[in-house]
Every structure is written in structure tokens, then in C-alpha cells.
Amino acid sequence: MALLRIGTAAARPGEIKFGHLKIGELRDGTRIGVPVAAINGVKDGPLLYIQAGSDGDELNGIGVIKEVIPQLDPGRLHGGIIIISPLNFHGFQQDMHRNPLDNKKTNRTFPGKKDGSITERLAYAAFKYVKKSDLALDLHQGSTSQMIDEVRVRVGSEHSLHDRCLELAKVFGIKYIFDKKGPDGQLARVAPDAGIPTVDPELGGCVGWDANSIRKGIQGVLNVLYYYHLLPGEPKLPTEYIIATEFKEFYADKGGLIKFPIALHDRIKPGSELFTITDMFGVPKQTVYSPIDGILWRKRRLPMVATGEQVCSLGINTHIEGFSPIS
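Everything in the sequence shown is counted per the numbering used here, starting at 89 for the first residue and increasing by one.
In case anyone wonders, no lab produced these hints; they're calculated from the structure.
None of these values were measured; they are calculated from a predicted model.
We put the beta carbon where it would ideally sit given N, CA and C, even for glycine.
Just so you know, not all the hints are guaranteed correct.
[Stated by the list, open to error] The following label-pair restraints were derived from C-beta to C-beta distances:
1. Arg389 / Glu361: 36 to 46 Å
2. Thr96 / Lys154: 32 to 42 Å
3. Pro391 / Asn300: 16 to 26 Å
4. Tyr339 / Phe369: 19 to 29 Å
5. Asp132 / Pro158: 22 to 32 Å
6. Lys154 / His317: 41 to 51 Å
7. Lys220 / Gln398: 18 to 28 Å
8. Glu155 / Pro379: 34 to 44 Å
9. Gly244 / Lys342: 29 to 39 Å
10. Ala98 / Thr327: 34 to 44 Å
Make a model of the complete structure from these sequences and hints.
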């Protein structure tokens, strides 16, 4: 194995090194860079790229990185791992989803621009390392709303790497998968165009971080390391996966307080009550029933809502699949 570099981190075989990927200066001229890690194995093998915190208030992925790295022994590693966490440096500092300097969402700007806005420059700097990798994980969460733990495949079914991305999503080991082509600029959509199987694990949704979602993310990273032979071990995979290919969003017609008779993961039948909006004294103002079969995938965190605000989403057009390795 040769020296493994990312930014100022340079690891010889059998080493873990930390550093920064330089991205520019603050308004007072202070030079800054995002935290990076290089983990270099002792034998040849795949190179795995992992990033977390591309949305500055999504912290569960950062929690996964914090817990995973101390568990890794580079002396047993075949190949290497390069990590950026958090990628959205400015948003993380301000506890903001977008980058406050240009109001852009990092996961809509890949592959970035060398001389673009700060978010485009961040994406450009990161994507140089993605292109050197064999696999990539972009750790997210469902912002600060409440959402199930799931993994997203963001290339369409017609894409040449779709099956490889779906395999990677299944290997991560979370039962729920959302399989639909994503918006322009998402890493999990752009990287496969460069030949890199990439998925977007959405590790729940919360304010701060959630220990259960982080635990699933840790196991997911380990599953990937085991399955692709970066580390000796056997992945822990579900016996079946529930795959949704569409979302159905529901919005409030009235303002007030929300009451849910259902919980995340619940299977919803047509005609089932989704939620009721009451006034401040509990008098019902609006009750919404599902017109379609689905799974309660996401719901509003705050108990109050105004007209036109989103209340919940169902994962629809679902089917069940097992796991079959791609030869």
C-alpha cells in the first residue's frame, strides 16, 4: 500500500491520520479547512469514501464517524478509508442546514466548481477524492423532522450502476430503502456517473443526534467494510427489505395542533386516519385520511402547524425484496 492522503492527512500503511482539507478563508482572513481522516490498510483492497454533515444541522452521521473510527484497526484493514466530517463547515458552525455564506445546500452542488461559491468549492474539493474511490457513503438524516432510518438510491433504474448502488444500499443493512432518481447535484446521483457506487443513508431525523440511529449507522459502515472485504467479518443484514419508489406528502388546510393516531413505520391502508388538527382547546378542525396504501415515513416534529405546512409523508409504491449478491 502507498501513502494515503486527503488534505493534510497522510497515512502510511497501518496508520490513521487526521488533518484538514483547506477550503479558503473567513472574513478576517483566517484560513480554514474541514476535518478529514485517512485510514490506510496494510494490504491492497478497495478505497471507501465517507462524508457526513453536508447539511450542517444533520448530526447523526457525524456521530457515526465519531464512534466508528476508534473501532477501526488499520493493521487489519485491506484497502483504505477517507473521511470528511463535517463537510458543510460553515453550516455546522452556525447549526444551519444550508451554508450561511451563499445559502446553498451542499448536496445539490456536486460535482462543484473550483472557482464557484463557497459551497461549490467545498463540493469540488470533496469530489476529487470521491472520484479516486471505489465506493462512497454520504451520511445524512431527515433534517430535524421525525423520519424512519432508511437508505436512498438516487440513480434511476435505467442507470448502468443502479444495481450496484442498490446492492450497496442493502449491504448497509437498514430494512427500509427509497429507490428513486434524485435531484441534480446530489452526491449519490453524480458519483455513479463517474463510476462510483454511492448511496445516501438517511439516519432518522432529530434535533441533535439520536443514539439508536447512530447505532444503525455504525453497523451500516461496518457491514460495508465486511461485505467488500476491507475488514474480516460478516455483515448483519435483514432477511428482507421494504423498498419505496415514491413519496406522498400531506399538508395542513387548517392551522392548529396535530394529533397522530399512527407511528413511524406503520403500514397505512386507504381510508385510515393520518392525522387530526385541533384548535388550542382540542376541538377538531380537520381530519385527513389516506387515499393510498403506504408506510408512514416522515412526520412533523413540532406539534403545531399552519395552513400549507407539510405534516407527514408516506412511502408508497412499496415492494419487498431479499438480498442477492451481484456476481
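Comparing the hints with the structure gives:
no.: 1; hint: Arg389 / Glu361: 36 to 46 Å; verdict: violated (20 Å)
no.: 2; hint: Thr96 / Lys154: 32 to 42 Å; verdict: violated (20 Å)
no.: 3; hint: Pro391 / Asn300: 16 to 26 Å; verdict: holds (22 Å)
no.: 4; hint: Tyr339 / Phe369: 19 to 29 Å; verdict: holds (23 Å)
no.: 5; hint: Asp132 / Pro158: 22 to 32 Å; verdict: holds (25 Å)
no.: 6; hint: Lys154 / His317: 41 to 51 Å; verdict: violated (25 Å)
no.: 7; hint: Lys220 / Gln398: 18 to 28 Å; verdict: violated (39 Å)
no.: 8; hint: Glu155 / Pro379: 34 to 44 Å; verdict: holds (42 Å)
no.: 9; hint: Gly244 / Lys342: 29 to 39 Å; verdict: holds (37 Å)
no.: 10; hint: Ala98 / Thr327: 34 to 44 Å; verdict: holds (42 Å)
Of the numbered hints stated above, those contradicted by the structure are hints 1, 2, 6 and 7, listed in ascending order.
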